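A.B. asks: Okay, here's what each chain looks like letter by letter:
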Amino acid sequence: MSVLSINNLTVRFPGRKSTFTAVEDVSLTLEAGKILGVVGESGAGKSTVGNAVIGLLQEPGRITAGEIRLDGDRIDQMPEASLRKLRGKRIGMIFQDPLTSLDPLQTIEAQLVETIRVHLPLSPAQARERALELLKAVGIPGAEDRLSQYPHQFSGGMRQRVVIALALCAEPELIIADEPTTALDVSIQAQILDLLRKLCRERNVAMMVITHDMGVIAELTDQVAVMYRGKLVELGPTAQVLGHPSHAYTKSLISAVPRPDIKVERFPSVSYIEEETPPSSAIDLSTHWLGKTRSHEPVTGPLLSLSDLSMRFETRSSVFPSRRRYFDAVKSVSFDIREGETFGLVGESGSGKSTIARLITGLYHPTGGSIRFAGQDLTALKERKQILAMRRQMQMIFQDPFSSLNARMRVSAIVAEPIRLHRLASSNAEVAQIVADLLDHVGLGAAAGDKFPHEFSGGQRQRISIARALATRPRFLVCDEPTSALDVSIQAQILNLLKDLQQELGLTMLFISHDLAVIRQMCDRVAVMRNGELCELADCEGLFTSPGHAYTRQLLTLMPSMELLAASQQG
Amino acid sequence: MLGFALRRFVQAVIVMLAVALIAFSMFRFVGDPVNQMVGMETSIEAREALRERLGLNDPLPLQFTRFVTNAAQFDFGTSYQFRQPVADLFAKRIPATLELSFTSALFALLAGIPMGIYAGLNRESWLSKLFLSVSLIGISLPTFFIGILLIFLFSVTLQWLPSFGRGDVVEIGSWWTTGFLTVSGLKALILPSITLGLYQMTLIMRLIRAEMLEVIRTDYIKFARARGLSNRAIYLRHALKNTLIPVITITGLQLGSIIAFATITETVFQWPGMGLLFLQAVQNVDIPVMAAYLILTAFLFVSINFIVDILYFLIDPRLRVKQA
Numbered sequence: 001m002s003v004l005s006i007n008n009l010t011v012r013f014p015g016r017k018s019t020f021t022a023v024e025d026v027s028l029t030l031e032a033g034k035i036l037g038v039v040g041e042s043g044a045g046k047s048t049v050g051n052a053v054i055g056l057l058q059e060p061g062r063i064t065a066g067e068i069r070l071d072g073d074r075i076d077q078m079p080e081a082s083l084r085k086l087r088g089k090r091i092g093m094i095f096q097d098p099l100t101s102l103d104p105l106q107t108i109e110a111q112l113v114e115t116i117r118v119h120l121p122l123s124p125a126q127a128r129e130r131a132l133e134l135l136k137a138v139g140i141p142g143a144e145d146r147l148s149q150y151p152h153q154f155s156g157g158m159r160q161r162v163v164i165a166l167a168l169c170a171e172p173e174l175i176i177a178d179e180p181t182t183a184l185d186v187s188i189q190a191q192i193l194d195l196l197r198k199l200c201r202e203r204n205v206a207m208m209v210i211t212h213d214m215g216v217i218a219e220l221t222d223q224v225a226v227m228y229r230g231k232l233v234e235l236g237p238t239a240q241v242l243g244h245p246s247h248a249y250t251k252s253l254i255s256a257v258p259r260p261d262i263k264v265e266r267f268p269s270v271s272y273i274e275e276e277t278p279p280s281s282a283i284d285l286s287t288h289w290l291g292k293t294r295s296h297e298p299v300t301g302p303l304l305s306l307s308d309l310s311m312r313f314e315t316r317s318s319v320f321p322s323r324r325r326y327f328d329a330v331k332s333v334s335f336d337i338r339e340g341e342t343f344g345l346v347g348e349s350g351s352g353k354s355t356i357a358r359l360i361t362g363l364y365h366p367t368g369g370s371i372r373f374a375g376q377d378l379t380a381l382k383e384r385k386q387i388l389a390m391r392r393q394m395q396m397i398f399q400d401p402f403s404s405l406n407a408r409m410r411v412s413a414i415v416a417e418p419i420r421l422h423r424l425a426s427s428n429a430e431v432a433q434i435v436a437d438l439l440d441h442v443g444l445g446a447a448a449g450d451k452f453p454h455e456f457s458g459g460q461r462q463r464i465s466i467a468r469a470l471a472t473r474p475r476f477l478v479c480d481e482p483t484s485a486l487d488v489s490i491q492a493q494i495l496n497l498l499k500d501l502q503q504e505l506g507l508t509m510l511f512i513s514h515d516l517a518v519i520r521q522m523c524d525r526v527a528v529m530r531n532g533e534l535c536e537l538a539d540c541e542g543l544f545t546s547p548g549h550a551y552t553r554q555l556l557t558l559m560p561s562m563e564l565l566a567a568s569q570q571g
Numbered sequence: 001m002l003g004f005a006l007r008r009f010v011q012a013v014i015v016m017l018a019v020a021l022i023a024f025s026m027f028r029f030v031g032d033p034v035n036q037m038v039g040m041e042t043s044i045e046a047r048e049a050l051r052e053r054l055g056l057n058d059p060l061p062l063q064f065t066r067f068v069t070n071a072a073q074f075d076f077g078t079s080y081q082f083r084q085p086v087a088d089l090f091a092k093r094i095p096a097t098l099e100l101s102f103t104s105a106l107f108a109l110l111a112g113i114p115m116g117i118y119a120g121l122n123r124e125s126w127l128s129k130l131f132l133s134v135s136l137i138g139i140s141l142p143t144f145f146i147g148i149l150l151i152f153l154f155s156v157t158l159q160w161l162p163s164f165g166r167g168d169v170v171e172i173g174s175w176w177t178t179g180f181l182t183v184s185g186l187k188a189l190i191l192p193s194i195t196l197g198l199y200q201m202t203l204i205m206r207l208i209r210a211e212m213l214e215v216i217r218t219d220y221i222k223f224a225r226a227r228g229l230s231n232r233a234i235y236l237r238h239a240l241k242n243t244l245i246p247v248i249t250i251t252g253l254q255l256g257s258i259i260a261f262a263t264i265t266e267t268v269f270q271w272p273g274m275g276l277l278f279l280q281a282v283q284n285v286d287i288p289v290m291a292a293y294l295i296l297t298a299f300l301f302v303s304i305n306f307i308v309d310i311l312y313f314l315i316d317p318r319l320r321v322k323q324a
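Order-wise, the sequence lines are chains C and Z.
Residues in the first sequence are numbered from 1 upward in steps of one, following the UniProt record's numbering.
Residues in the second sequence are numbered from 1 upward in steps of one, following the UniProt record's numbering.
So here's chain C without its partners, still in its complex pose (with noise of 0.2 Å):
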């Protein structure tokens, strides 16, 4: 008998004004041992689908058709008491960010006792005990003296071993894992899933994962179940349904994968899924304002040119130099990023790649180091006047599209801004010309102007971010994880935009981001980080097809592999 069926579920939340139907007529079954991927995009419904089984579906959701089988026992319609008892006993849960998924108040000794002594009949050491056998099992080094520790004294990957720990107290036969990797550094992940395998073949547990990301369906699970827009569109053998999909929803969503092993031109342009974008008129570049003052004195030699720079934080400030505590963010690293091309720069976190962004940009000033910009050297201008036009040739789009607009002013305003400040328009009509060109540019359509940033998609949203670091028609533009938040295909929209945006305008780029292979689709030249230093710093093929250092071997070693892909979308 498998260990949970589904079959025809239906979930619903119904809205003041409409029902919104999350989840519709989803049949599924996962037998004991074995990893079922749920995969799709944001809005798909895959989350939905776990919370059902675990009963915890968010007010008003309800389940209004089908059922919810757990080793035969019905229960989508259990009482909440009893339902109580299944959760933690039964059904374990893991979620996404392990640093807001344990209660920072409590020591991990504490919660794992907590959690022992609700399911199983044990005396508070026989708890201890096992929540130390649990500490172990799960890979903790140390477990005796990590066991009376506080969740913050973790770092992200121990947090979610704890996490992992937690939802294993009391033996469950069915795992509920909610992008149990989405939140955590490449090689942690590896790790992570390494142990989800492990775990699961071991105890005989049959785990449910829920995530975007195909890498982590290709290397973790034996079944697929591709959902769209709450319906489950595809369902098989892993290796099928990603070597061979058959819907076309499967196919254009792992079309739309970087693909780490080759370059190509351009991402496939998903044509399954659209946002609701305008077709953009083109604007001719020679004749609007967009294009004009391109002729910027060309430089000789690199555009942008880093020499030893540095960034010391004080972690611990005391009158007593000697009791001062630093943390050397960025230790003393040179590159030159030549005018027109993109320059990757690739590291886990805490890498220092986001610091040498805000330097350049001068939100930090460096303690140590010059950056100079087209000749000029950017640590030694004191005037407001000249710190000013030289930001105008730089701008910055950030990783998170939701916090970096204003949400209390309108698009059009958001977009107007800079081009006011550096004073780059002659009247108000012009501005209002520009911003409406500027986001027909961009694919939002004029219209957009009008609206406030909330009622856009994350996608959209970056959008709008591209559409404000061009309106001071900048030379050089810093991407920092510009794509990271976003889901795949409209990840390949955004990367698609700003490839054809830096040919249009011969932008030079600095691009950073964790993900190797959208590094590999994006980059010119790519220099990889370590623990604010640089390992190395190569030409992007010539770096991901014979790497020199130690480092960014074991970074191409842990990316998960995508040969299952490969073959689909050569195919």
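Each hint should be verified, as a subset may be incorrect.
[Said to hold, decoys possible] Computed footprint of chain Z on chain C, listed as stretches where at least three residues anywhere in the stretch have a Cβ under 8 Å from a Cβ of chain Z:
id	segment
1	82-89
2	113-123
3	162-169
By construction, these hints were calculated from the structure, which means they are not laboratory data.
Small disclaimer: the values here were computed from a predicted structure and weren't measured.
Backbone N, C-alpha and C fix where the C-beta goes; we use that ideal spot for every residue, glycine too.
Fit chain Z to the given chain C structure using the hints.
C.D. replies: For chain Z alone, kept in the frame of chain C given last:
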């Protein structure tokens, strides 16, 4: 921890010195202290002698040092209006004010926290809506009006509770008097402490409710639920503790203001506390009393803040690491 406490202590001392300077300058700049002390017909020689005796001819820093040294020993000079040492006046009044303040703070916490938890967890129930509307009254009505309303209802109409004074008090030791040990003392406490604590109760309730709503949306509460913990454990062990940090801040500051600004309530109920004394001092330009009141109030706030900072440490382990 020790280093942190020490640092805070030094900061507290600096604040106290600043306040002492303000209190001290009141003596110098709000009228001539000698004029306040002597009658119209005192001769100039006698005034000079008094001035010399009080040390008012000494250089300012010396005077200030003397003032601080005396204040540290609870010597604030002699009250102009009562011709008694200020310290004695306050010693007589402090127990009344402290008992009133602690009773009303206790009332605010014991009523406010459960109401806040309930209102946070059962947003839609009619009871929480009732709590919210009643608390709106608590916030918007001025204290003296609530006091008069309560007096009218419970003292005049129903005649259940006394309308003024502390009732019978019992002396403990040589200087503390308490109303906690007699029936009339306890009865006399009820109305003023409700009047004084209503605003704080409302504040605490609304704060806990808002924090509770915030916390139950967090991932760790969701995860606790997914682990099958009981609602009781989730709300009381995990959610409540996480709501407490802002509550402690506010409660600490409010406790300070309850003690310091009991003036209005004390006036309405003719409560023989410091507030009443302060009001009389203001009316009679009794500068030593005002200065002492100022310093005492500052001392209360500073020490409460100090305790609050230490409490943060005990509750939130994340702070311990940052400072250690």
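A.B. asks: Determine for every hint whether it applies to the structure shown.
C.D. replies: Do the hints match the structure? See the list:
1. 82-89: As far as the segment 82-89 of chain C goes, the hint holds, because 6 residues have Cβ atoms under 8 Å from chain Z.
2. 113-123: holds (count 4)
3. 162-169: It holds: at least three residues are needed, and the segment 162-169 of chain C offers 4 whose Cβ sits within less than 8 Å of chain Z.
When the structure is compared with the earlier hints, no violation turns up for any of them.
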